[in-house]
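Number of protein chains: 2
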Amino acid sequence: MGDAGKKDIVLDYSNMMAQAVGSDHGLLQGELDGLKTRASVAHTRLMELKASGKIGFFTQHEMDTTPIKKYAAKVRESYENFVVLGIGGSALGTIALNQAINHNFIPLLTKRKRNGYPRLFVADNIDPDQFEELLKTLDPKKTLFNVISKSGTTAETMSQFMIVFDMLNRRLKGKWKKKVVVTTDPAKGILREVVNEFKLDSFEVPANVGGRFSVFSAVGLLPLACAGIDIDGLMAGAARMAQRCNEPDIMKNPAYLFSSLMYLSDTTRKKPMLVMMPYSSKMYGIADWFRQLWAESLGKRYDLQKKEVHTGQTPIKALGATDQHSQVQLYVEGPNDKAFCFLHVDKFKTTTEIPHVLEDKAELGYLAGHSLNELIKTEMEGTQYALTVHNRPNMVIHLPELSPYTMGQVIYLFEHATAFAGGLYNVDPFDQPGVEFGKNYAYAMMGRKGYEALRAEIKDKLKNIPSRLL
Amino acid sequence: MGDAGKKDIVLDYSNMMAQAVGSDHGLLQGELDGLKTRASVAHTRLMELKASGKIGFFTQHEMDTTPIKKYAAKVRESYENFVVLGIGGSALGTIALNQAINHNFIPLLTKRKRNGYPRLFVADNIDPDQFEELLKTLDPKKTLFNVISKSGTTAETMSQFMIVFDMLNRRLKGKWKKKVVVTTDPAKGILREVVNEFKLDSFEVPANVGGRFSVFSAVGLLPLACAGIDIDGLMAGAARMAQRCNEPDIMKNPAYLFSSLMYLSDTTRKKPMLVMMPYSSKMYGIADWFRQLWAESLGKRYDLQKKEVHTGQTPIKALGATDQHSQVQLYVEGPNDKAFCFLHVDKFKTTTEIPHVLEDKAELGYLAGHSLNELIKTEMEGTQYALTVHNRPNMVIHLPELSPYTMGQVIYLFEHATAFAGGLYNVDPFDQPGVEFGKNYAYAMMGRKGYEALRAEIKDKLKNIPSRLL
Numbered sequence: 232m233g234d235a236g237k238k239d240i241v242l243d244y245s246n247m248m249a250q251a252v253g254s255d256h257g258l259l260q261g262e263l264d265g266l267k268t269r270a271s272v273a274h275t276r277l278m279e280l281k282a283s284g285k286i287g288f289f290t291q292h293e294m295d296t297t298p299i300k301k302y303a304a305k306v307r308e309s310y311e312n313f314v315v316l317g318i319g320g321s322a323l324g325t326i327a328l329n330q331a332i333n334h335n336f337i338p339l340l341t342k343r344k345r346n347g348y349p350r351l352f353v354a355d356n357i358d359p360d361q362f363e364e365l366l367k368t369l370d371p372k373k374t375l376f377n378v379i380s381k382s383g384t385t386a387e388t389m390s391q392f393m394i395v396f397d398m399l400n401r402r403l404k405g406k407w408k409k410k411v412v413v414t415t416d417p418a419k420g421i422l423r424e425v426v427n428e429f430k431l432d433s434f435e436v437p438a439n440v441g442g443r444f445s446v447f448s449a450v451g452l453l454p455l456a457c458a459g460i461d462i463d464g465l466m467a468g469a470a471r472m473a474q475r476c477n478e479p480d481i482m483k484n485p486a487y488l489f490s491s492l493m494y495l496s497d498t499t500r501k502k503p504m505l506v507m508m509p510y511s512s513k514m515y516g517i518a519d520w521f522r523q524l525w526a527e528s529l530g531k532r533y534d535l536q537k538k539e540v541h542t543g544q545t546p547i548k549a550l551g552a553t554d555q556h557s558q559v560q561l562y563v564e565g566p567n568d569k570a571f572c573f574l575h576v577d578k579f580k581t582t583t584e585i586p587h588v589l590e591d592k593a594e595l596g597y598l599a600g601h602s603l604n605e606l607i608k609t610e611m612e613g614t615q616y617a618l619t620v621h622n623r624p625n626m627v628i629h630l631p632e633l634s635p636y637t638m639g640q641v642i643y644l645f646e647h648a649t650a651f652a653g654g655l656y657n658v659d660p661f662d663q664p665g666v667e668f669g670k671n672y673a674y675a676m677m678g679r680k681g682y683e684a685l686r687a688e689i690k691d692k693l694k695n696i697p698s699r700l701l
Numbered sequence: 232m233g234d235a236g237k238k239d240i241v242l243d244y245s246n247m248m249a250q251a252v253g254s255d256h257g258l259l260q261g262e263l264d265g266l267k268t269r270a271s272v273a274h275t276r277l278m279e280l281k282a283s284g285k286i287g288f289f290t291q292h293e294m295d296t297t298p299i300k301k302y303a304a305k306v307r308e309s310y311e312n313f314v315v316l317g318i319g320g321s322a323l324g325t326i327a328l329n330q331a332i333n334h335n336f337i338p339l340l341t342k343r344k345r346n347g348y349p350r351l352f353v354a355d356n357i358d359p360d361q362f363e364e365l366l367k368t369l370d371p372k373k374t375l376f377n378v379i380s381k382s383g384t385t386a387e388t389m390s391q392f393m394i395v396f397d398m399l400n401r402r403l404k405g406k407w408k409k410k411v412v413v414t415t416d417p418a419k420g421i422l423r424e425v426v427n428e429f430k431l432d433s434f435e436v437p438a439n440v441g442g443r444f445s446v447f448s449a450v451g452l453l454p455l456a457c458a459g460i461d462i463d464g465l466m467a468g469a470a471r472m473a474q475r476c477n478e479p480d481i482m483k484n485p486a487y488l489f490s491s492l493m494y495l496s497d498t499t500r501k502k503p504m505l506v507m508m509p510y511s512s513k514m515y516g517i518a519d520w521f522r523q524l525w526a527e528s529l530g531k532r533y534d535l536q537k538k539e540v541h542t543g544q545t546p547i548k549a550l551g552a553t554d555q556h557s558q559v560q561l562y563v564e565g566p567n568d569k570a571f572c573f574l575h576v577d578k579f580k581t582t583t584e585i586p587h588v589l590e591d592k593a594e595l596g597y598l599a600g601h602s603l604n605e606l607i608k609t610e611m612e613g614t615q616y617a618l619t620v621h622n623r624p625n626m627v628i629h630l631p632e633l634s635p636y637t638m639g640q641v642i643y644l645f646e647h648a649t650a651f652a653g654g655l656y657n658v659d660p661f662d663q664p665g666v667e668f669g670k671n672y673a674y675a676m677m678g679r680k681g682y683e684a685l686r687a688e689i690k691d692k693l694k695n696i697p698s699r700l701l
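Chains as they are written, first to last, in the working numbering: chain A, 232 to 701; chain B, 232 to 701.
Derived by calculation from the structure, the hints in this document are not laboratory data.
Every value quoted in this text rests on a predicted model; they were computed, and no experiment measured them.
Check each hint, because a few of them may be wrong.
Because identical chains share one entry, a pair is satisfied inside a single copy or across any pair of copies.
[Unchecked claim] Computed cross-link-like contacts, DSSO-like style, restricted to lysine-lysine with a CA-CA straight-line distance of at most 27 Å: (1) 238 to 580; (2) 537 to 404; (3) 373 to 548; (4) 608 to 694; (5) 538 to 501.
Model the full structure from these sequences, guided by the hints.
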């Protein structure tokens, strides 16, 4: 790999093993070896899904990004603001990568200081007050709205779109069409109909790409390119990790190793929680993106043989060093029911020295001459050490630096790991049947046609629960 | 209570009970009644701590806020930016209440549109890149820095302060002293020394107020008042809830009821996780603030008799409706190992209508004529319904509106509930011994004097763990 090879991310799983935390909580090499048959079956299945093109995330990084980059260049000339209307998989990856790679106070910078790129906003909820505040803050003439929904039926996103559609129509009349770009299914669904009817600009979510695996399609790449991020760098990182993940041996494949460690910790060491804890404010969004991926893919009632199993490890996001002053007390002293994965940036862009001031104070003198970089690194090691001494399994993923190339690796690593974990848990990592339940409730109660019987059934059920208020 | 009485928050715990979710997962009234003896002991202890003044949060809302309001009025005249340097309890409450009550895009508004109040920033981490970005974005002449640490030894905050101290000295020479206001112990510690030596403006954290219970001391009130928030409204809400929490009967005291429900769910129904899920973007920070309170207070190795117990329910923050597209699949179909508490705003400030557009599309027509307000409410009820039908215990705290008065109630409710839960779990809710461990590691490895032996011990211990990298 030459120079790029040096920028590979590295998994340090020393503290997941029995030698570090004891065999009640740590794993034995023999247990990892014991997964080989299952792993081989899971690997074969994934490689089939990849080769057949049934599941798209495996090869998204091979897509031609030229149309997206061209479009982004035009957006840069014309707009001050780029607003994503999207939720879940249509929002989390974009938020995460923008936070990880871009300046974190961009909205406060002048256009020149942000190199002419528009300010990116992601409206991923329907809080009426917050959504109103956003719309009133931005000048609609200078704002491009990117409506993202693969199916076109996502109630939150479509409601936002209807509100924006109406607002733009009233304020800009016929010109509104230039203020909207749609990302949706290539052929099907209501949003594609809207695109065709009004001749709107649009991009495609390939049919073989599910929401939580879609950040490297136009879903994430369009907003990220518009925000000035080097999307080809992301793709190159993903390609590098995809290459590392072709390896069938779980001890040599980073995605398989990650999944195997967490799967065994959950199912054989009673660790139903997985804490994802970057020691980097900029990577907090990655923990949130991962949270959807792991929870929605593995949290399943039925296994592949339709047996009721109720599987799924609960992913928890935490932030170092901040949460040392919030969660670490529980992590170190509470129940030993969690596995931990830290994300560590080996080299930040900045080195922030702690100056030689106030050195006459003994309590501060020891900090002077060090740097924030050393401090945050030492604090992570301190948390690791505290966990390890208290027999709590933990691992670290080291990023040589925080860049599109390393972030591309991280994203692909976790996507492939999640797909593989589906094989270990023996569930379908690509569906989400449980989400339908609440959706149907909303349809019924909002009066959608065809849901009258469900509405009656719900009302009947709720009638039987005694109300208890205080 | 007259009019204010109508603004009481309401706990709806119907779905925590066996009638709603079955007795395998839901509670029986007899079990709540069975807590009465323990509850009475815990109540007596809390009332003693309150009466003796040993624990300060019980009566913080009685403090005289005049000096803070006067100071805030001066800040409003002189500054564009107010930056908190603080972490954990010195940051979380301020972030939460500012987000809940203020406009969420204030930094983008003109000074006139934000009524002349400065923009509030909270620097609660030591990520070198992000901290550098913040400092470079703000004009130091127009910025007031509020350094908050009760002990004055918090490494993260003190490092930030040393960096800011040096930067201000270099750029503003003698004038730097006007750009810093300190909140710390009234008499002890290095920060109080610094205040006295340089004659800095300062406020006090009373000795009887611990970090995670300190938002209604100057720790939270000063930044919040500077950001234009009606702190007397917060105090009035806290006073109202304190009054409700004088009641010894757990069935009539909202704090005791909340704790009892969660304690029984954790210890008798195998719910080691408590998901706090506001259906309001603006209340997401409250879930994060609660997370410290619950985790750090109850996550303990030893009980009051020094027996090793490893207690503590893991608090998890989630956001409705957003996380319906991320976590709800796991919550509904995964292991039944969580209790849920929703936070619901009954009346938002804005009513955002979904307009009658695109009505010819069947998939959208059902939304037209409704509002985002109805949609988010219906979605919460849908999630509740899905959880209840799948036998997962859940409750709702209803806020009549999102205001200082209701937020004051919420804050006090959870503080009092947490203190009471300490009684139920039989642990000290006011200490955090586990945090020392990682701190000492940092001291040793950063070369603080007196920690040489620990440094040697750590190095020796780490030597014995075989390194495993991929």
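Quick rundown of the hints versus the structure:
no., hint, result
1, 238 to 580, "within (14 Å within a copy, 50 Å between copies)"
2, 537 to 404, "neither (53 Å within a copy, 72 Å between copies)"
3, 373 to 548, "neither (35 Å within a copy, 35 Å between copies)"
4, 608 to 694, "between (56 Å within a copy, 19 Å between copies)"
5, 538 to 501, "both (21 Å within a copy, 22 Å between copies)"
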